Amino acid sequence: MIVLDKIEIGHASVLFTIDNLQLEQGEMYALIGANGSGKTTFLQSITGVYSPLKGQIVIDGSSISKFNRIDKAKMISFVGSTFDGVEYLKVKDYLALGRTPHTNIFGRLNATDFKVINDTIKLLDLESLQEKYTKELSDGERQLAAIARAIIQETKIIILDEPTAFLDYANRQKVMELMKKISTELNKCVIVSSHDLELCLESEIDLLVVHKIERKLRLCKANALTKTELISIGF
Amino acid sequence: MGSKTNNKLVIVILVTLLPIIAFIHLSSGTISIGFSDFYSALTNFDAQSTNQLIIKEFRFPRLIMGIIAGGGLSIAGLLMQTLFNNPLAGPNILGINSGASLFVAFSLMSGVPFFSSDFGTIISALLGAFAFGLLILAFSMVVKSNVSLLLIGIMLGSFTGAFVSILQAVSNPEDLKMFIMWAMGSLQQVEFSQLPIIFIFFLIGLISCLFVVKSLNTLVLGENQALMLGIKVKYIRIFLIAITAILTGLITAFCGPIAFVGLAVPNIVKLLFKTQSHRTLLIGSLLVGSIFLLICDIFVQLVESTIHIPINAITSIIGAPFVIIIVLKRLV
Amino acid sequence: MKFISVLFFLLIFIACTQNKSKEEYSIKNPLIKYAKNLEILEQKDFVLVHLKDPESHKIVQRIALLKNNSKAPTGYSVIKTPITSVIALSSTHIGMLEKLNSLPLVTGISSHLYIHNPQILEKYKQGRILELGDENAIPVESIIASKAKVLIYSGFGTSFQYEEQLLKMGIVCIGNYDWRENHPLGKAEWIKLFGYLTGKEKEASEYFTNVEKEYKRLQQVAKSSKSKPTLFSGNMVGDTWISPAGESFNAVLFTDANCKYIYSNTKGTGSLKSSFEKILKDNRSTEFWFNPGAGSKKELLNAQPTLSNFDAVLNNKVYGYAGNEFWERSAIEPHHVLSDLIHILHPEISDKRNNYFYKQLK
Numbered sequence: 008m009i010v011l012d013k014i015e016i017g018h019a020s021v022l023f024t025i026d027n028l029q030l031e032q033g034e035m036y037a038l039i040g041a042n043g044s045g046k047t048t049f050l051q052s053i054t055g056v057y058s059p060l061k062g063q064i065v066i067d068g069s070s071i072s073k074f075n076r077i078d079k080a081k082m083i084s085f086v087g088s089t090f091d092g093v094e095y096l097k098v099k100d101y102l103a104l105g106r107t108p109h110t111n112i113f114g115r116l117n118a119t120d121f122k123v124i125n126d127t128i129k130l131l132d133l134e135s136l137q138e139k140y141t142k143e144l145s146d147g148e149r150q151l152a153a154i155a156r157a158i159i160q161e162t163k164i165i166i167l168d169e170p171t172a173f174l175d176y177a178n179r180q181k182v183m184e185l186m187k188k189i190s191t192e193l194n195k196c197v198i199v200s201s202h203d204l205e206l207c208l209e210s211e212i213d214l215l216v217v218h219k220i221e222r223k224l225r226l227c228k229a230n231a232l233t234k235t236e237l238i239s240i241g242f
Numbered sequence: 009m010g011s012k013t014n015n016k017l018v019i020v021i022l023v024t025l026l027p028i029i030a031f032i033h034l035s036s037g038t039i040s041i042g043f044s045d046f047y048s049a050l051t052n053f054d055a056q057s058t059n060q061l062i063i064k065e066f067r068f069p070r071l072i073m074g075i076i077a078g079g080g081l082s083i084a085g086l087l088m089q090t091l092f093n094n095p096l097a098g099p100n101i102l103g104i105n106s107g108a109s110l111f112v113a114f115s116l117m118s119g120v121p122f123f124s125s126d127f128g129t130i131i132s133a134l135l136g137a138f139a140f141g142l143l144i145l146a147f148s149m150v151v152k153s154n155v156s157l158l159l160i161g162i163m164l165g166s167f168t169g170a171f172v173s174i175l176q177a178v179s180n181p182e183d184l185k186m187f188i189m190w191a192m193g194s195l196q197q198v199e200f201s202q203l204p205i206i207f208i209f210f211l212i213g214l215i216s217c218l219f220v221v222k223s224l225n226t227l228v229l230g231e232n233q234a235l236m237l238g239i240k241v242k243y244i245r246i247f248l249i250a251i252t253a254i255l256t257g258l259i260t261a262f263c264g265p266i267a268f269v270g271l272a273v274p275n276i277v278k279l280l281f282k283t284q285s286h287r288t289l290l291i292g293s294l295l296v297g298s299i300f301l302l303i304c305d306i307f308v309q310l311v312e313s314t315i316h317i318p319i320n321a322i323t324s325i326i327g328a329p330f331v332i333i334i335v336l337k338r339l340v
Numbered sequence: 028m029k030f031i032s033v034l035f036f037l038l039i040f041i042a043c044t045q046n047k048s049k050e051e052y053s054i055k056n057p058l059i060k061y062a063k064n065l066e067i068l069e070q071k072d073f074v075l076v077h078l079k080d081p082e083s084h085k086i087v088q089r090i091a092l093l094k095n096n097s098k099a100p101t102g103y104s105v106i107k108t109p110i111t112s113v114i115a116l117s118s119t120h121i122g123m124l125e126k127l128n129s130l131p132l133v134t135g136i137s138s139h140l141y142i143h144n145p146q147i148l149e150k151y152k153q154g155r156i157l158e159l160g161d162e163n164a165i166p167v168e169s170i171i172a173s174k175a176k177v178l179i180y181s182g183f184g185t186s187f188q189y190e191e192q193l194l195k196m197g198i199v200c201i202g203n204y205d206w207r208e209n210h211p212l213g214k215a216e217w218i219k220l221f222g223y224l225t226g227k228e229k230e231a232s233e234y235f236t237n238v239e240k241e242y243k244r245l246q247q248v249a250k251s252s253k254s255k256p257t258l259f260s261g262n263m264v265g266d267t268w269i270s271p272a273g274e275s276f277n278a279v280l281f282t283d284a285n286c287k288y289i290y291s292n293t294k295g296t297g298s299l300k301s302s303f304e305k306i307l308k309d310n311r312s313t314e315f316w317f318n319p320g321a322g323s324k325k326e327l328l329n330a331q332p333t334l335s336n337f338d339a340v341l342n343n344k345v346y347g348y349a350g351n352e353f354w355e356r357s358a359i360e361p362h363h364v365l366s367d368l369i370h371i372l373h374p375e376i377s378d379k380r381n382n383y384f385y386k387q388l389k
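Chains as they are written, first to last, in our numbering: chain A, 8 to 242; chain B, 9 to 340; chain C, 28 to 389.
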């Protein structure tokens, strides 16, 4: 799916390097590392906002820099750490925006679009929120809506940048569980960045750790490392 | 689904209201004109009848210009508010119409015949509005605060205002027509023969809007999210400025400044429809904007025989307190 | 306390004496016949000039013209005559000074753009005349520096705000409200003020008497015509049409030229503001249109194509004047304006070939 081969991540100077990693569909990865280790830059390199300093990020056989905007939007969706809601924007209208890369120039939704939206609403149990305005939701509900919008975008890759940062404990767990379920059931490659070590360990998912001494991104299988070991290499 | 039918109902009400207001607008004026004259002006126009001539040469162009100016400025305001993610944005406050005034002033004074033709005036107004729109866009990349951007817009306005008055001082002092238009705004300076060209440009602006509805809807989520949804934000921004320039430039060239319509109406429309669907908001702005400006102009005509109040004064009297309310609402 | 009461009585005393001296001279005077805003009183040692507010007709300015070193009455601004220099801010002032051969006295004007007189223009080119700009924003310091003693303004604004400042510097400002007179001869009569200022009061009076005689004669000539054509006047300024009100100077001229001015029954000495649709309604078939504010028919129709629906435009009966020359001379030559009107409105009884000011728009 995503092939990362001899890549240097950074803006002006190299933050970390990747020797050879392959991220697969149907898997969920937690990206962890100390603050300033380059997590966000890495995510932005995958979404194509920045290019890596060296090497190419290859998705499905072609370099991300070769994707046009629409193709990229059909391949990767993105959920930020907060969605504050927009005045007068209803949840169902917000969700419909997930179809943007798939609709024609006038943004008209067809039967397929409606089906995807409704299926996702059912999957995430959002029926009761549909008619609410995004400003009226709780933080947890809004993050859920943002995830739903990403699913509706129907991309193979979903990237979440610290999606649990502003949530309470129960909601954090809920989000991680949900994303895990989505990665397997909908066969997506999910990458979640987080600085919440315990949460990632509890969720039993693969970890992408920025090794603080080697300055390398390492893939650690779920349950392969203990918390102490993780702290020693990542923080 | 309830609210969607509600919104349809509101649109139906507005669509019925517009012709009623339009008829009241047509029939108000210094001379009272009977219904039969309106009927025959439509069916069997007779230039010998002074009443029918008044309908054709004054009332009708003024009505059409009211609809175009009200609707056009409101749409331009909506575009700017979404583009800059700022409820207080509008073509007037961002200084876009002053760009149009400045270029029109320059072109009329250049003495080149092309520039004093209707087409030339429109073109220079469009260029001026577009240039100032791009300038504001460039500033928006540097200043991140919404308020700072508005301040820059206001400064652009004062700067060109000063420049235009200097141009006036050195130009033909008897050309008061231009002065009145630049200073106070007027729906009455348009002639019947100019309507087709005005209408064509207005239509170009309206049709262009159809192609940005989708992008506008995603832009409310912020630029980054719009990018991730596959919107070419860079081009869309310039395209939005271009549409705003067409609408604002056209209206400024023929009516002069009409303040606050572009700012107030989109906010009223959002309150009315409670949606971010820009298809609805655009239709709503077109309708509410036209109705709003026609009502203002009916008031101007009602008192016309005793005092002449420029339309800009009326829209400002209603619009300025409205802005204060929005600001207070956001602060509290 | 004692000091304050003394001061108080002193003030009352001064106030009373001032009042007295003013009333003493406010008598009806035969020197001025038509002008309503001007009074001139000849006394033994001096000439008193009273200028009245054109609205309220109350005296707003009192000026004493002194020929020798005699003492002026209190409450009067003093001007030593004949004056040696004058700043004349309106073009009508230039016209009046020209008639008295006193143009060399002019040291300041508002703008050369409004001047027709070649003599003044030449002087301007040589840099011997101050250009002061709009009278509501004149550079006070350059006036003081110019050492002029008298400034004549027309009071187009609400009031001439520099008057008191300049008086303190020894410069007397005179509000020349000739343009607010509603009789054509009243306007021309203001030449008498210029006469007393320049020491040419005899010439001024003689000139005026001749003008009056000729004007009256032409009025009789006009009356002899059997036709009474209809006429309207004015033009669009922004969104409103400005035409002379029924009791204004223009309306009097039109009536004296024996024609039917459409708005002759309206009240007021100033101007009427109407919407264009009212003008079209009232005047579509009116025969003549005067003072359209444009130089040619093309210019007229460019500004407002709808004008082509007026009979006066269709029949080429639109007459305008040539700007600066008209402004300079029409006030002082009302008989020429009247004779133009007669020539245009009643060609059958006119004996002249050319107009002084008016020309047909082509």
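One should not assume that every hint holds.
[Stated by the list, open to error] Simulated DEER-style distance windows between Cβ atoms: (1) A:76 <-> B:31: 55 to 61 Å; (2) C:139 <-> B:321: 52 to 58 Å; (3) A:21 <-> B:218: 56 to 62 Å; (4) B:17 <-> C:328: 46 to 52 Å; (5) B:243 <-> A:172: 49 to 55 Å; (6) B:31 <-> C:139: 38 to 44 Å; (7) A:175 <-> B:321: 51 to 57 Å; (8) B:243 <-> A:19: 25 to 31 Å; (9) C:139 <-> B:43: 53 to 59 Å.
[To be verified] Which residues of chain A face chain B? A few of them, derived with a C-beta cut under 10 Å, are: (10) 54; (11) 71; (12) 73; (13) 75; (14) 78; (15) 79; (16) 85; (17) 90; (18) 105; (19) 115; (20) 118; (21) 140; (22) 144; (23) 156.
These aren't lab readings, by the way, just hints derived from the structure by calculation. Note that this is a predicted model, so its numbers are computed, not measured. Cβ atoms here follow ideal geometry from the backbone N, Cα and C, with glycine treated the same way.
Evaluation of the provided hints:
1. A:76 <-> B:31: 55 to 61 Å: Check failed, 48 Å falls outside 55 to 61 Å.
2. C:139 <-> B:321: 52 to 58 Å: 36 Å, violated
3. A:21 <-> B:218: 56 to 62 Å: 47 Å, violated
4. B:17 <-> C:328: 46 to 52 Å: Since the Cβ atoms of residue 17 of chain B and residue 328 of chain C sit about 49 Å apart, the hinted range of 46 to 52 Å holds.
5. B:243 <-> A:172: 49 to 55 Å: For residue 243 of chain B and residue 172 of chain A the Cβ distance comes to about 33 Å; the hint is violated.
6. B:31 <-> C:139: 38 to 44 Å: Given range 38 to 44 Å: violated, Cβ gap about 53 Å.
7. A:175 <-> B:321: 51 to 57 Å: 54 Å, holds
8. B:243 <-> A:19: 25 to 31 Å: 29 Å, holds
9. C:139 <-> B:43: 53 to 59 Å: Given a distance of about 56 Å, which is inside 53 to 59 Å, the answer is holds.
10. 54: Hint on residue 54 of chain A: holds, closest Cβ of chain B at ~7 Å, below 10 Å.
11. 71: 13 Å, violated
12. 73: Given a least distance of 15 Å, the restraint on residue 73 of chain A is violated.
13. 75: At about 9 Å, which falls below the 10 Å cut-off, the nearest Cβ of chain B leaves the hint on residue 75 of chain A intact, so it holds.
14. 78: Since the shortest Cβ distance to chain B is 8 Å, the answer is holds.
15. 79: 7 Å, holds
16. 85: With Cβ-Cβ at 4 Å, under 10 Å, it holds.
17. 90: 8 Å, holds
18. 105: 8 Å, holds
19. 115: Since chain B brings a Cβ to about 9 Å from residue 115 of chain A, closer than 10 Å, the hint holds.
20. 118: 17 Å, violated
21. 140: At about 8 Å, which falls below the 10 Å cut-off, the nearest Cβ of chain B leaves the hint on residue 140 of chain A intact, so it holds.
22. 144: At 15 Å from the nearest chain B Cβ, residue 144 of chain A fails the 10 Å test, so the hint is violated.
23. 156: 9 Å, holds
Hints 1, 2, 3, 5, 6, 11, 12, 20 and 22 from the list above are not met by this structure, while the remaining hints are.
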